[in-house]
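> What follows is each chain in one-letter form.
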Amino acid sequence: MRADHPAGAVAAAGPAPVRGQRAPTVAGDRPHGRTRGRTIAGRRRLTGIMMTAPALVALAATALFPLLWTVSLSLQSFSVAVGGPEPGFVGLANYGRVLANPAFWTALGQTLAYVVVTLVVELAVGLAVALALAKETAGRKALRVVVALPLMIAPVVAAMAWKFLFSPGYGLVNEGLARLGIEGPAWLADPWLARATILVTNAWIALPFVILVLLAGLANIPGELNEAARVDGAGHWRRLWHITLPLLRPAILIILVIRLADAFRVFDAVYVITGGGPGDATEVLSTFLYRQMFTSADFAGGAATSVLFVVVIALTAGAVFAVLRQREDRR
Amino acid sequence: MTMTRRAARPLALATALSAVLLGAACAPSPTSSDDSSAGSGKGTTITVGMEAGSPHEAFYKKAAADFTEETGIKVQILGVPHDNMHQQFLSDAIAGGTAYDVLMVDQPWVSEFAANGYLEPLDDRLSDEDRSDFVAGTLDTESYDGKLYGLPFLVHNLVTYYRPSMLEAAGIDAPPTTWEQYREAARLTTDPGTGTYGTMIPGNRDGEVATRFESYVQQAGGDIVDAQGKPDIDTPQARAALQMMTEIQFDDGSSPAGLHDLSAIQGQFLEGKIAMVSVWPYLWAMATDPEQSKIADDVAVALNPGNPDQVATTFSWGLGVSAGSDAKDAAWTFVSWATSTDVLTRKGIEQLSPVPRTSAMDAIAQSDELSEADRKALAVFSDSVARSTTMPMTPAYSAYQSAMSEAVSSVMSRQATPDQALATAQKQMEQADEG
Amino acid sequence: MNRTQSRHPVRTLSRATAFGVLAVVAAFLFVVPVVWVVATSLKPDGEIFAIPPTLLPKEPTLAHFVSVLGDESILRFFRNSLVAAGLATGVSLLLGVPAAFGFARFRYRASGLLLGAVLVTRMFPPVALALPFFLQFRQLGLLDSPVGLAVAYLPVVLPLVIWMLEGFFRELPEEVLEAARLDGMGSLGSLLRIVVPISRPSIAVATMFGFLAAWNEFVIALSLTRTPAGQTMPVGIGGYITQFQTLWGDMTAASVLYLAPVLVITALAQRGIISGLTAGATKG
Numbered sequence: 010m011r012a013d014h015p016a017g018a019v020a021a022a023g024p025a026p027v028r029g030q031r032a033p034t035v036a037g038d039r040p041h042g043r044t045r046g047r048t049i050a051g052r053r054r055l056t057g058i059m060m061t062a063p064a065l066v067a068l069a070a071t072a073l074f075p076l077l078w079t080v081s082l083s084l085q086s087f088s089v090a091v092g093g094p095e096p097g098f099v100g101l102a103n104y105g106r107v108l109a110n111p112a113f114w115t116a117l118g119q120t121l122a123y124v125v126v127t128l129v130v131e132l133a134v135g136l137a138v139a140l141a142l143a144k145e146t147a148g149r150k151a152l153r154v155v156v157a158l159p160l161m162i163a164p165v166v167a168a169m170a171w172k173f174l175f176s177p178g179y180g181l182v183n184e185g186l187a188r189l190g191i192e193g194p195a196w197l198a199d200p201w202l203a204r205a206t207i208l209v210t211n212a213w214i215a216l217p218f219v220i221l222v223l224l225a226g227l228a229n230i231p232g233e234l235n236e237a238a239r240v241d242g243a244g245h246w247r248r249l250w251h252i253t254l255p256l257l258r259p260a261i262l263i264i265l266v267i268r269l270a271d272a273f274r275v276f277d278a279v280y281v282i283t284g285g286g287p288g289d290a291t292e293v294l295s296t297f298l299y300r301q302m303f304t305s306a307d308f309a310g311g312a313a314t315s316v317l318f319v320v321v322i323a324l325t326a327g328a329v330f331a332v333l334r335q336r337e338d339r340r
Numbered sequence: 328m329t330m331t332r333r334a335a336r337p338l339a340l341a342t343a344l345s346a347v348l349l350g351a352a353c354a355p356s357p358t359s360s361d362d363s364s365a366g367s368g369k370g371t372t373i374t375v376g377m378e379a380g381s382p383h384e385a386f387y388k389k390a391a392a393d394f395t396e397e398t399g400i401k402v403q404i405l406g407v408p409h410d411n412m413h414q415q416f417l418s419d420a421i422a423g424g425t426a427y428d429v430l431m432v433d434q435p436w437v438s439e440f441a442a443n444g445y446l447e448p449l450d451d452r453l454s455d456e457d458r459s460d461f462v463a464g465t466l467d468t469e470s471y472d473g474k475l476y477g478l479p480f481l482v483h484n485l486v487t488y489y490r491p492s493m494l495e496a497a498g499i500d501a502p503p504t505t506w507e508q509y510r511e512a513a514r515l516t517t518d519p520g521t522g523t524y525g526t527m528i529p530g531n532r533d534g535e536v537a538t539r540f541e542s543y544v545q546q547a548g549g550d551i552v553d554a555q556g557k558p559d560i561d562t563p564q565a566r567a568a569l570q571m572m573t574e575i576q577f578d579d580g581s582s583p584a585g586l587h588d589l590s591a592i593q594g595q596f597l598e599g600k601i602a603m604v605s606v607w608p609y610l611w612a613m614a615t616d617p618e619q620s621k622i623a624d625d626v627a628v629a630l631n632p633g634n635p636d637q638v639a640t641t642f643s644w645g646l647g648v649s650a651g652s653d654a655k656d657a658a659w660t661f662v663s664w665a666t667s668t669d670v671l672t673r674k675g676i677e678q679l680s681p682v683p684r685t686s687a688m689d690a691i692a693q694s695d696e697l698s699e700a701d702r703k704a705l706a707v708f709s710d711s712v713a714r715s716t717t718m719p720m721t722p723a724y725s726a727y728q729s730a731m732s733e734a735v736s737s738v739m740s741r742q743a744t745p746d747q748a749l750a751t752a753q754k755q756m757e758q759a760d761e762g
Numbered sequence: 003m004n005r006t007q008s009r010h011p012v013r014t015l016s017r018a019t020a021f022g023v024l025a026v027v028a029a030f031l032f033v034v035p036v037v038w039v040v041a042t043s044l045k046p047d048g049e050i051f052a053i054p055p056t057l058l059p060k061e062p063t064l065a066h067f068v069s070v071l072g073d074e075s076i077l078r079f080f081r082n083s084l085v086a087a088g089l090a091t092g093v094s095l096l097l098g099v100p101a102a103f104g105f106a107r108f109r110y111r112a113s114g115l116l117l118g119a120v121l122v123t124r125m126f127p128p129v130a131l132a133l134p135f136f137l138q139f140r141q142l143g144l145l146d147s148p149v150g151l152a153v154a155y156l157p158v159v160l161p162l163v164i165w166m167l168e169g170f171f172r173e174l175p176e177e178v179l180e181a182a183r184l185d186g187m188g189s190l191g192s193l194l195r196i197v198v199p200i201s202r203p204s205i206a207v208a209t210m211f212g213f214l215a216a217w218n219e220f221v222i223a224l225s226l227t228r229t230p231a232g233q234t235m236p237v238g239i240g241g242y243i244t245q246f247q248t249l250w251g252d253m254t255a256a257s258v259l260y261l262a263p264v265l266v267i268t269a270l271a272q273r274g275i276i277s278g279l280t281a282g283a284t285k286g
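Protein chains in written order, with this note's numbering: chain A, 10 to 340; chain B, 328 to 762; chain C, 3 to 286.
Next comes chain A alone, as it looks inside the complex:
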């Protein structure tokens, strides 16, 4: 019974309560004791500013210029010719041009679909593997090294390796299937199979991140919580649902937000494995942008695409973030 309420279980288990952690928010935003609260809150704010300022200045110094340059370029006409026409302010014309291009919408739709599917797959597989590896046994120690293996290979080489493995004729995937008596398909000649190939490749590259962040998250969960719940008679699934998952939420949030931005920007694997093909079946925003900037040398249009790109990612990430953090704060 009590296992339904993790906090209760914690209280019973003794130290390391989880609830107190939002104290700084409370102290910072809504000081209770007026005068004393204000000075403490003020000092805490000052500490916060001092601690974050160096990183913010460093980021501003390195990232601000390229970002502003891109935003500014997206509002201008831009000729790449020596002695070409002067750049001039064109308002949102570059954006209009990008939005009027059907290829942009194809790429956007496929990117969004890819992001959703890949995040679900990565989280589900990553969670299963991380839970399996969380406990300390000799075999699992070795397996933990194994799941980190994809990190060892440069992403471009990993993409080329998978392309090779999936190719008909000399690829090992179809050779393996043939040994099992199954005739393997021509993976990259079919739109859906080509999409699946991209998904598998990228999941393979990204899973170590997902698994290791979840493992680190699991490491932060005090062991006695599960123990107490177990004593109270909660089964595996119940403990997973009511204790582990809620406590993993920060780790999951980190994964979602970072992998979201990365998945949106997926490029290497698509560029290497399908080049956006067959047809335009695997065209994504990054390949569209790459073609626009470096095949067509349309830098102003490329800048507009980049800004739209960031807006889409930021809105999506913001939404995910708002939903998850809110629920967490309500908890």
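Each hint can be trusted.
Cβ-Cβ distance ranges computed for the label pairs, FRET-style:
| # | chain 1 | residue 1 | chain 2 | residue 2 | range |
| --- | --- | --- | --- | --- | --- |
| 1 | B | Gly399 | C | Ala231 | 17 to 25 Å |
| 2 | A | Leu55 | C | Leu84 | 35 to 43 Å |
| 3 | C | Glu177 | A | Leu254 | 17 to 25 Å |
| 4 | B | Phe577 | C | Leu57 | 28 to 36 Å |
| 5 | A | Gly190 | C | Leu84 | 45 to 53 Å |
| 6 | B | Thr398 | C | Gly92 | 44 to 52 Å |
| 7 | A | Leu333 | C | Gly143 | 39 to 47 Å |
| 8 | B | Lys703 | C | Gly143 | 51 to 59 Å |
Below, in silico cross-link-like pairs of lysine to aspartate or glutamate (EDC-like), each with a Cα-Cα straight-line distance of 16 Å or less:
| # | chain 1 | residue 1 | chain 2 | residue 2 |
| --- | --- | --- | --- | --- |
| 9 | B | Lys557 | B | Glu757 |
| 10 | B | Lys389 | B | Asp669 |
| 11 | C | Lys60 | C | Asp47 |
| 12 | B | Lys621 | C | Glu61 |
| 13 | B | Lys388 | C | Glu74 |
| 14 | A | Lys144 | A | Glu236 |
| 15 | B | Lys389 | C | Asp73 |
| 16 | B | Lys388 | C | Asp73 |
| 17 | B | Lys621 | C | Glu49 |
| 18 | B | Lys754 | B | Asp553 |
| 19 | B | Lys557 | B | Asp760 |
| 20 | C | Lys60 | B | Glu618 |
| 21 | B | Lys703 | B | Asp689 |
| 22 | B | Lys621 | C | Asp47 |
| 23 | B | Lys474 | B | Asp451 |
| 24 | B | Lys388 | B | Glu677 |
| 25 | B | Lys754 | B | Asp561 |
| 26 | B | Lys401 | B | Asp653 |
| 27 | B | Lys389 | C | Glu74 |
| 28 | B | Lys703 | B | Asp625 |
| 29 | B | Lys621 | B | Glu598 |
Rather than coming from a laboratory, the hints here were simulated on the basis of the structure. Please read all numbers here as calculations on a predicted model, not as lab measurements. C-beta atoms are modelled at their ideal positions from N, C-alpha and C, and glycine is treated no differently.
Since chain A is already given, all that's left is putting chains B and C on it; use the hints.
Chains B and C in isolation, oriented as in the chain A frame:
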């Protein structure tokens, strides 16, 4: 060389904004800069950008010592991966183009770089004697709007490599000269039981597929632009090309399943699994080397089959002088040395590849370093180039290639009919032509 | 009773079997491409495209390693990668750990917004950053230098470090910090003496992924360097993929050399994670 005005404007705005936000101290000072460290020639050192890992880079890196000995000009050769050369050169040109004195230029970029003023016109520098020594038509591959912007060191096109033993076993005594014979020969040499196929039809979405498709269209007597140079891909010839490709791939099954790229085509041919493939001249050296090829003593070259024209689109690689270079004379000295008769003769013999100078081809033909088979292959390469025409010289060509490869790949993955694919490609090419 | 139920021998056995089967399948998927890369680096050219394909080389050769190491630039690529990635990671940790702590525990009016802005810097597509970086670095004289690259990698690594650690620091029990405060530690003192030691697993993970993000970066390195004096391993490896052919043997051989530092940093990070797990297990 100042920061070019084009780049300066958005730069100035962004700089001003960062200055406001950061305090002027942190913001980069927008001085008109003459500070390029890598490219300032001073007449003694020139910087040459070449394709990393290419046989050309390897050859010129070795040969550059001779050049320095002859002229006193030092050469720094910088390798750039092919996929990124265009991007790298473009970025540098936008910033004033001082990083490289000499650029190795793939033909599709010549007109774009020339139109944008990144390359120096070379007409006044090339002597009439040299001009007439270049094989007819090869200088056109480096020209835009009537002016010469580079000298080619390689002009080549696709030729057909085949395994004589496989054709003989199928009762065929000569390589096919028409599409009909090609289709028939491919059918007869296919045996899925042993995993051998007659040929491989390209279909992966990449630039290579576009050049192959363009070659097929020209074999059918057409082209991808009309007489006025406007995009013209929705034609009977283009349809015939796609029909030939789909018949061999799907109706006959004489090409293995999959959307093939060059890497696969060449790999499977060298593995001995394919009877006939279209590949570039460079494959000859590999195909006859037992270390790299299982068919080293069972390979020959022929012109491509035609419908009826036995041609293939020619492409060149050349060297041009960067308009932003401050050592243009030294840069030109290097370009003319690198494409001289002596150097090209050496390159042709070492790499068994065709070269665009008549005098060098003659010298190669007489060299006793070559075997009879080598000589025959080189004759086919030259003949194939001589009877073919090149790509349309337009800055929009890269975009044309992109449109063609998307069309072919959507037909070969059966997502679109030839009619749909060609109509889409035509629209995309028109847009690129206008933009 | 519950305790004994879950330790029931039969259930444990069947679960162990299921776990074993799953583990083998998963391990296979994780391992095969890596083995393929290593095996290909040992195959003579003629064997790479063999039909039917074989995973392991029939006549192993070190020729590709000889060829890759024979080009002295590879050692410079290697050094540059280490300098750029190492420096960017070190500086990011130095700035990112306190920043994450500040964002997590000492909120101020704009901190939420600023934290969001930090992430936005990581959302820009790298191909769009290449040109402005190039123009700016050219003016600052930072082109073609691994130190310059490290500067350009700050917006790649620092937001990652801040985001990963901020999430973990938020979850630290307030009691721990309260105890530090009662012991008379300032906020910096409690960060250094309490928070960092108990957050070792998280910091290990953040370090590893921060390092990898810089170590693997390609587009920016390509744009900001042009000679072996500044170029990195990914750029060098890109040189094996040429227009007409991919030098599979040399490329995979270079990739095998490339994985050595990753192996070291992953092993260190794993030690951190495992020690954290052990600490977690014994905490109660």
